[in-house]
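A.B. asks: Kindly generate the complete structure, drawing on both the sequences and the hints.
Chains as they are written, first to last, in full-length UniProt numbering: chain A, 1 to 310; chain B, 1 to 310; chain C, 1 to 310; chain D, 1 to 310.
Warning: the hint list may mix true and false statements.
Because identical chains share one entry, a pair is satisfied inside a single copy or across any pair of copies.
[As the list claims (entries may be wrong)] Under the rule of at most 27 Å between Cα atoms (straight-line distance), these lysine-lysine pairs were calculated in the DSS-like manner:
{"id": "1", "residue 1": "235", "residue 2": "151"}
{"id": "2", "residue 1": "232", "residue 2": "288"}
{"id": "3", "residue 1": "280", "residue 2": "73"}
{"id": "4", "residue 1": "288", "residue 2": "73"}
{"id": "5", "residue 1": "73", "residue 2": "232"}
{"id": "6", "residue 1": "269", "residue 2": "70"}
{"id": "7", "residue 1": "269", "residue 2": "288"}
{"id": "8", "residue 1": "235", "residue 2": "290"}
Simulated from the structure, these hints should not be mistaken for lab results.
Model, not experiment: these values are computed from the prediction.
There are 4 protein chains.
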Amino acid sequence: MRLDHTAAGVFPIAPTAFHADGRIDEASTDRLIEAYLAAGSTGVTVLGIMGEAPKLEPEESLGIATRFIKGMKNLPVIVGVSAPGFAAMRSLARASMDRGAAGVMIAPVPSLRTDDQITGYYRQAIEAIGDDIPFVIQDYPLTLSVQMTPKVIRQIVQDHPSCVMLKHEDWPGLEKITALRGFQAEGAMREISILTGNGGLFLDFEMERGADGAMTGYAFPEMLVDVVRFQKEGKRDAAHDLFDAHLPLLRYEQQQGVGLAVRKYTLMKRGILASDAQRKPGAGLSAKAKAEVDYLLARLARTDRRALAA
Amino acid sequence: MRLDHTAAGVFPIAPTAFHADGRIDEASTDRLIEAYLAAGSTGVTVLGIMGEAPKLEPEESLGIATRFIKGMKNLPVIVGVSAPGFAAMRSLARASMDRGAAGVMIAPVPSLRTDDQITGYYRQAIEAIGDDIPFVIQDYPLTLSVQMTPKVIRQIVQDHPSCVMLKHEDWPGLEKITALRGFQAEGAMREISILTGNGGLFLDFEMERGADGAMTGYAFPEMLVDVVRFQKEGKRDAAHDLFDAHLPLLRYEQQQGVGLAVRKYTLMKRGILASDAQRKPGAGLSAKAKAEVDYLLARLARTDRRALAA
Amino acid sequence: MRLDHTAAGVFPIAPTAFHADGRIDEASTDRLIEAYLAAGSTGVTVLGIMGEAPKLEPEESLGIATRFIKGMKNLPVIVGVSAPGFAAMRSLARASMDRGAAGVMIAPVPSLRTDDQITGYYRQAIEAIGDDIPFVIQDYPLTLSVQMTPKVIRQIVQDHPSCVMLKHEDWPGLEKITALRGFQAEGAMREISILTGNGGLFLDFEMERGADGAMTGYAFPEMLVDVVRFQKEGKRDAAHDLFDAHLPLLRYEQQQGVGLAVRKYTLMKRGILASDAQRKPGAGLSAKAKAEVDYLLARLARTDRRALAA
Amino acid sequence: MRLDHTAAGVFPIAPTAFHADGRIDEASTDRLIEAYLAAGSTGVTVLGIMGEAPKLEPEESLGIATRFIKGMKNLPVIVGVSAPGFAAMRSLARASMDRGAAGVMIAPVPSLRTDDQITGYYRQAIEAIGDDIPFVIQDYPLTLSVQMTPKVIRQIVQDHPSCVMLKHEDWPGLEKITALRGFQAEGAMREISILTGNGGLFLDFEMERGADGAMTGYAFPEMLVDVVRFQKEGKRDAAHDLFDAHLPLLRYEQQQGVGLAVRKYTLMKRGILASDAQRKPGAGLSAKAKAEVDYLLARLARTDRRALAA
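C.D. replies: Next up, the structure:
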């Protein structure tokens with residue numbers, strides 16, 4: 001089961017479940033997996049930025065990847081392997097694939113600036129992990145401060161047959177999807193899967209621009225699944241209606257720095273995570289912020305009854 | 001009519017109206033003023049970042065400020081005077097006040113990092129413009145890359161009696177409002193007005209945290225005015241209902257870089273601006289993006305009939 | 001007298017001479033001009049970053065450019081026209097050329113990241129000022145945070161026949177000179193002049209890599225002139241001996257932020273500037289720092305007697 | 001043997017020695033240790049930025065620390081434990097201390113901006129590693145993009161009795177040493193050791209401002225030891241004479257990005273490292289650059305015969 005360019009649907013970005021004391025919480029991990037399966041996910045991505053990957057020891061990272069691979073059954077698991085050095089990237093990538101991962105995701109290091117630096121970085125990274133592992137480009141300028149043009153993404157795709165997907169989370173990013181699909185239409189780039197992130201803030205239109213689905217960690221993956229499905233079925237208004245009902249909460253969750261705390265708090269209220277703890281350094285929610293999330297959930301439940309449980 | 005800490009309500013951030021060839025469009029400027037008055041604004045801010053201030057010649061800047069001062073009648077006009085050098089800041093500040101401005105707004109230069117650098121910058125700026133001009137701190141890290149803690153803002157307020165307002169547009173920023181109002185409650189900071197920006201993306205909760213109103217350029221200032229009023233009247237749900245109806249469009253407008261193009265396009269559709277032109281360097285909207293804004297306006301009109309005209 | 005790709009030698013970056021109270025000091029300006037002529041300069045550049053250009057009013061900028069154009073006689077004067085908006089860039093560029101400038105220098109705005117953004121910016125800038133004005137690319141990542149690869153510079157050169165020179169101040173930057181001269185050798189880029197900046201910190205080797213000379217503001221332009229001449233005459237060791245004697249002071253002057261204060265202090269000690277004042281915001285020297293410069297000058301005078309006067 | 005505030009002299013920053021294929025080279029490591037002892041070092045720092053620490057696996061890091069601890073005999077070894085997560089920081093810190101390290105060095109993560117963020121980060125870090133481990137603050141804005149004022153450093157020192165040293169590598173940074181020593185003189189901060197880095201570029205004056213010595217990786221630690229000693233003996237001119245002789249090479253080595261390649265190449269020419277290999281991602285030297293280093297070494301050997309071997 002290897003990732004390829006036909007991947008579509010919703011791959012939630014899984015948070016890493018911790019006990020209040022910072023130990024990894026396996027029972028909560030299993031509930032997360034169940035929830036993703038029940039929501040209709042078509043895969044999952046672990047050890048991303050929102051998975052607090054840099055705070056894990058190497059053996060913990062591999063343990064989490066393995067647990068998801070087993071739990072998600074035959075669905076593809078993408079493992080985030082971004083690291084400051086290629087030795088660590090290689091060892092996690094190869095060990096994950098040995099255990100059954102479908103592919104890996106690689107973000108650029110924040111110091112990269114020029115087009116050549118970015119394509120050169122991916123060249124060295126693929127040389128390190130091997131060209132036999134399907135990989136995903138993570139394009140997230142807001143957090144990583146690396147800006148990739150459509151042409152740079154095309155260059156990476158053309159340089160590396162093992163590149164099969166773009167995790168798109170540029171902001172603004174709608175024109176980028178259009179540009180990339182345009183390259184494909186004119187035969188200037190081979191086909192890749194485009195799943196969009198950035199908390200889902202523009203998923204409604206991203207699908208209309210040509211995305212294949214979503215890869216983000218919004219605490220109601222059911223909504224992402226439905227919006228993607230509605231858009232594929234041509235039910236534009238239904239997609240927007242559902243999306244708009246979630247937008248007030250989604251926008252609240254998509255705040256830089258504090259977003260993961262909102263997400264974990266909501267997943268805890270939904271009974272999926274036992275604790276909303278993050279490993280340090282991490283941000284928490286004030287009582288006022290929690291009350292705001294509660295209010296947003298209550299308002300959401302008027303339209304989408306799946307929020308009632310939260 | 002000088003700005004003081006009791007300022008409240010909605011001060012739209014005015015775009016600068018240009019003809020397609022880049023000349024300043026005075027008729028459109030007058031329509032903007034009418035629209036702001038009709039919407040129930042309590043003041044206006046000109047020559048901010050979204051006013052394309054750095055692209056104007058000094059005499060153009062003063063001309064725009066003067067036109068708004070006359071047009072807004074007895075309502076306060078705040079003039080953005082941010083500049084790389086204090087000589088230009090001083091001359092625009094003093095000339096604007098001579099013509100009847102209520103106060104000025106000063107953003108930090110992007111190179112500032114430490115708390116001392118920031119407070120030192122405001123000290124030098126106030127020395128340059130004079131301590132007799134009421135001024136507003138602009139706190140906009142996403143664009144300016146300068147991060148001010150609540151303590152730094154308090155220091156500036158305490159150092160300068162002429163500091164009367166904070167234009168708050170940190171993101172996330174809700175806790176900052178709570179912290180500043182907490183300083184006031186415990187007597188550690190004198191009272192200031194807090195108007196929030198950042199496109200209005202969190203205005204619903206900002207009011208609940210203690211903001212006095214909004215200072216941002218969303219193309220429907222009527223909505224900002226109503227949300228502020230509802231919240232002051234304790235009509236929480238009504239405030240959120242109206243806000244949520246606008247959020248899909250507001251979120252679209254609040255995209256970095258392309259936001260001003262969305263805003264000008266909408267104001268043009270509303271019949272307020274004759275052209276959505278920006279001076280160069282500037283971003284435009286693709287046909288696809290315009291169609292998306294049209295769709296969002298049509299959806300909005302189902303709930304808020306004021307969007308029908310657009 | 002228009003700048004072209006054959007420009008070579010030393011173009012000092014002129015500081016702007018102020019009286020202690022911030023007014024422009026014309027007598028000191030004239031002494032600077034005399035000193036540059038006496039040192040054997042082949043041109044001069046005014047209103048660069050070290051010329052405190054953003055702190056000047058438009059009419060002051062043009063006044064300074066005009067004074068240098070008259071004073072430098074038949075030698076070329078390059079005018080820095082970098083500005084946040086193209087309207088101001090155009091008006092200074094065209095007015096300077098009308099008064100006899102040889103060309104203009106344009107730095108990218110700090111927000112540019114990708115190759116396309118950079119080449120697009122120069123395209124818009126040249127459209128604004130007109131393609132009949134010879135221009136210089138300023139490549140100074142340490143201060144401007146914009147990184148241009150050799151390929152990007154080549155693209156700008158090939159796109160614009162009016163591009164005649166690169167002010168090279170990347171750090172490290174030696175390989176960039178080699179790459180650009182390589183493009184020329186293989187016929188992939190037309191010839192341009194390369195003058196190096198960055199305080200002169202690598203002038204010794206930059207000449208050996210193919211630079212045509214220096215464009216920087218080190219307080220002893222005589223040294224720059226001699227090093228450039230020695231290298232052109234093949235006197236490698238003599239060039240390095242002289243350079244090395246100045247390096248302790250040059251390194252001290254090349255400190256970010258405080259460098260201009262060191263430079264103006266030294267020029268004041270040399271009797272060229274009447275005051276070392278900067279317009280605000282600006283940095284000054286502590287008593288300890290001044291004593292350190294004095295010590296370095298005394299040590300330098302043992303080898304280069306021209307430092308005796310200082 | 002625990003590090004305390006009386007630490008002084010020269011602690012070289014050790015590069016990590018690799019074979020050409022990327023494996024750790026233990027024989028070269030042992031020669032490095034010998035060279036540091038022979039040069040008169042008073043300690044050593046391993047796993048710093050120039051030690052390519054992020055490219056090592058956890059067990060490799062501990063292996064290197066252990067080898068240095070054994071090899072340096074009774075001299076103190078400081079272990080760099082900077083990491084994106086506190087779990088990894090804690091495990092390396094405690095394991096290193098168990099094996100006999102004298103203390104640890106902690107750099108801030110690059111995202112920190114405000115004074116409170118920086119002091120808060122150190123608070124969480126010390127909570128994580130324990131307050132019984134002597135630690136060194138690394139202050140290196142050019143690479144880390146975190147700016148600490150003297151007041152912030154004082155706050156960290158006062159908050160944490162286990163803070164015993166500042167690795168000072170701000171640039172410019174002379175006034176910072178003066179400010180910190182001033183705090184001590186007026187009783188506002190307890191005594192700490194200040195060792196300076198930044199390649200040694202200002203060591204000559206840093207000693208005069210009050211530094212206790214150097215902590216940097218210049219390929220001739222003998223020079224650092226002599227300059228520190230001369231300055232402590234009051235032989236100011238002798239210190240500057242020796243320093244100035246090395247400055248052309250030192251400046252060449254202190255280039256961002258390529259500096260480590262210059263350093264490893266020189267250490268290889270000196271017969272200390274068997275290879276100048278870096279783990280990827282890493283920069284290499286062109287043939288032209290190597291010839292430039294050779295030329296600088298030959299020139300240096302005229303004054304300092306210790307460069308002859310190179």
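A.B. asks: Of the numbered hints stated previously, which ones are contradicted by the structure, given in increasing order?
C.D. replies: 1, 3, 4
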